[in-house]
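Visitor: These are the residues of each chain, in order.
Number of protein chains: 2
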Amino acid sequence: MIDPRVASGLRDLLPSVMIPRERMLASFRRTFASFGYVPVETPHIERMEVLTGKGAGSDEVLRQIFEVTNTGGTRGELALRFDLTVPLARFVARHVNDLGTPFKRYAIGSVFRGERPAKGRFREFVQCDFDTVGTEGVVADAETAQVIHDALDAAGVPEFTITLNNRKVLNGLLDTLGIADKTGPVLRALDKLAKIGREKVLGELRRGESGEAEGESSGRSALLTEDQARQVLDFVEQGRGGPEVLDWVEQRLGAHPRAAEGIANLRTILALLDAAGVRRHRLAIDLGLARGLDYYTGVVFETTVPGWERFGSIASGGRYDNLASLFTERRLPGVGASIGLDRLLALMEEAGWLEGTSTTVPILVANFPGVDPAIPIRLAGRLRASGVGAEVFPEPLQIGKQMGYGSSRGHKLAVIVGPDERARQVFNLRDLATREERRGIAWDDLESAVKNALDQIEGT
Amino acid sequence: MIDPRVASGLRDLLPSVMIPRERMLASFRRTFASFGYVPVETPHIERMEVLTGKGAGSDEVLRQIFEVTNTGGTRGELALRFDLTVPLARFVARHVNDLGTPFKRYAIGSVFRGERPAKGRFREFVQCDFDTVGTEGVVADAETAQVIHDALDAAGVPEFTITLNNRKVLNGLLDTLGIADKTGPVLRALDKLAKIGREKVLGELRRGESGEAEGESSGRSALLTEDQARQVLDFVEQGRGGPEVLDWVEQRLGAHPRAAEGIANLRTILALLDAAGVRRHRLAIDLGLARGLDYYTGVVFETTVPGWERFGSIASGGRYDNLASLFTERRLPGVGASIGLDRLLALMEEAGWLEGTSTTVPILVANFPGVDPAIPIRLAGRLRASGVGAEVFPEPLQIGKQMGYGSSRGHKLAVIVGPDERARQVFNLRDLATREERRGIAWDDLESAVKNALDQIEGT
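Top to bottom, those sequences are chains A and B. By the numbering used here, the letter at position 267 of the first sequence is numbered 267, and the numbering carries on one by one without gaps. By the numbering used here, the letter at position 117 of the second sequence is numbered 117, and the numbering carries on one by one without gaps.
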């Protein structure tokens, strides 16, 4: 016998997880599509050169790459993708002349990283990305936040906050303080604020990074003066809140051209989101939000669920100046975001926001011993044709076993036709939770009786 | 610059292909779910041992396997799945005690085979599988054909034929002819009938396989006598047609117990499919249909599109005695089928049954230079809320360019608000195909005007 386990860091997804997951993916697809984002798909396997091309991935990501070799093939030529952004860049560079711009695409698919297995971290997980490429229009910036909002809303996430910033504002601050050349380490320190607290970040801003981040600490001692460090931290801590933060920062940095650009961009985005019907309490400004060091150049987004911040951001993204510089001379600015499906589902499960079920249909039609199975098949077909999912039990087992199958999986109702009901052309309708049974309903009334009973169960 | 091509045998899927593909997948998921099949997902990466376990794959499949190694990992331990059946067997063996039986699952996902690249053959392609495991009930046999039928019907395939056989009938024939020990090579020869014709198959049935199939010809000369070969071929050729074929074979083989079982199974399936509303002209019997040598033990299915038989079967499957004997002592009989998504789409494209479009929305809302973009954003939001997909052009470019974008992608209508319309709170509605424009419609009438115009376009 071969052990039926999966490899370390990988997992099987059981029906109770997959059913809400598929529902959520279908909802995301509908939302993306309703805004005119078109689906594209790229292979799971890419040429190694595409994935490792200078700057395409950090060293950390490259260490985690899964190599792929077919029998007789040469090692080192192929690998599994580790995100959907590098494949998007390659795809757009290859096809932009046919596709034209602006090009709005969504992509949903597995990505692979050989991370050390840990609770909640898997070596294969799904990303849901959408991007608008080939435009600098602020309408696309606002729409990106709007799509995050509408997608989460449609997927049944009851509360969430989309936090916005524009990288130009923070860059403007560092420039006015005369420390623009220290942007990298300053942002790295600020990124840890929520995790390690003000005092430790203050220490890092003064000293430069401690040795803990391997190989990154060289030459970074005595980063900022005490005064500079306090000014940066005060700015970031005051620069959080609602739209009034933009008035405050306008007074502080409005004279700096790049910062002013960033502030104006955020103002327009808020106005457009207002027009789009996004409620204000779902939006926040955080002028310290950076989201990585190099990639984003304009607006950036992060999304958290109040009370569940420890799950981190469930939808993040931002604007970039040039998507595909590794693959084409053509400059391709754009904006996009990614929804972390698995993280969001883990959060919703823990919050109790997912309906626990192991079936995709509300109705089980019994296969009664001694009754021609053509009858349950016909009744189930009528229910499906009326839009109600229905499953026929495949064998004429004892009825108790069939009912046990239904109630353990979460079917709501069973339609039962025994020999007596068969003769009278009627059926019994059993509530699988309460075990109450309404008996002797005419076959003709099947659809209406089942829908009424389902409505009643929903209503209770 | 890095060349943005994909590796040999792989491909990018562009919006014009992906849009009908996503629509079809959504339709398949709905159909599978409406019958109570639940979604499950297994990793793309499996342990090598699971994939190569004795008998799990043919030598041909193993030669095509893609090995996976992460940095620092050992070679030969992991590989990409080459189908969804081996992972299903592993999954069920691992989880059957929690899941219970019968267990109905569907799975849609990419599989990988290092085949020599050729037109229409790709190294990554999608399979859509559904199976009912842990039951021998004939209801599950009939339902498998019913799901093929309903899925293709719902996906818009206008005509198709599901061909059925039961392996026991053919086995019964070979047994009565005293050649049961030659089942393998006989079936292999019969499988080629459509391709190489009666005379060549007759030759092979007499001589055994010619040397052309590498490494499989040893010891198979003088397979059948002239008389046996003719009887087998006559049987297979007469055993094709409608339900009347079952009467004919009943007379011929009804006394053979296994053959009689197979005939009764096919009769019941036809009766149940009739109850399910499957029209008779969509079903056929072919007593020569075998579908591979070892795996299937009862009913087998194949599906072709009349006039497009050269695409081969677009949905195939059958009943097996024991799914997971490599992984568990527990005997798990079942029945299932697989729809070949990519093959079906290629066929439908060539037949002209796919609507050519590169957009997911019918409406483009113009972003008029000098008009606050909050207005198009608000109008597009209202359309989406009413169920009509709408896209706002992201930049206030010249209107001619925006209209060109819409008509080249297949948007049907453009909603345009210039400064004058803005002042009067009206919009113009342009048909992007005919360039006709209805002018001065009140904002209040947006949803009804757009829906009426779309209905008219649909109607023409």
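No wet-lab data here; the hints were simulated from the structure. Any given hint could be a false lead.
You can't tell identical chains apart in this list, so a pair holds if it fits in one copy or across any two.
Stated by the list, open to error - Below, in silico cross-link-like pairs of lysine to aspartate or glutamate (DMTMM-like), each with a Cα-Cα straight-line distance of 20 angstroms or less:
id, residue 1, residue 2
1, 200, 49
2, 195, 321
3, 451, 59
4, 195, 237
5, 401, 98
6, 401, 136
7, 182, 22
8, 192, 261
9, 182, 234
Visitor: At most 20 angstroms between alpha carbons: which applies to residue 182 and residue 234, within, between, both or neither?
Guide: Close inside one copy (18 angstroms), not across copies (85 angstroms); limit 20 angstroms.
Visitor: Checking residue 401 and residue 98: alpha-carbon separation at most 20 angstroms within a copy, between copies, both or neither?
Guide: Only across copies: residue 401 and residue 98 sit 16 angstroms apart there, 58 angstroms inside one copy, limit 20 angstroms.
Visitor: Taking 20 angstroms as the upper bound on the Cα-Cα distance, should residue 182 and residue 22 be classified as within, between, both, or neither?
Guide: Neither, since 45 angstroms and 47 angstroms both go past 20 angstroms.
Visitor: For the identical chains here, do residue 401 and residue 136 meet the 20 angstroms Cα criterion within one copy, between copies, both, or neither?
Guide: Answer is between: at 16 angstroms across copies they meet the 20 angstroms cutoff, but 62 angstroms inside does not.
Visitor: At most 20 angstroms between CA atoms: does that hold for residue 451 and residue 59 within a copy, between copies, both, or neither?
Guide: Close neither inside one copy (57 angstroms) nor across copies (53 angstroms); limit 20 angstroms.
Visitor: Between residue 195 and residue 237, at a C-alpha cutoff of 20 angstroms, which is it: within one copy, between copies, both, or neither?
Guide: Within one copy, since 14 angstroms is at most 20 angstroms while 75 angstroms is not.
Visitor: Measure nothing new, just compare the shortest in-copy and cross-copy C-alpha distances for residue 195 and residue 321 to 20 angstroms and report within, between, both or neither.
Guide: neither (29 angstroms within a copy, 56 angstroms between copies)
Visitor: Go through the copies and call it for residue 192 and residue 261: within, between, both or neither, with a Cα cutoff of 20 angstroms.
Guide: Neither, since 26 angstroms and 71 angstroms both go past 20 angstroms.
Visitor: Treating 20 angstroms as the Cα threshold, decide for residue 200 and residue 49: within, between, both or neither.
Guide: Answer is neither: 40 angstroms inside a copy and 49 angstroms across each miss the 20 angstroms cutoff.
Hints 1, 2, 3, 7 and 8, counting from the list given before, are not met by this structure.
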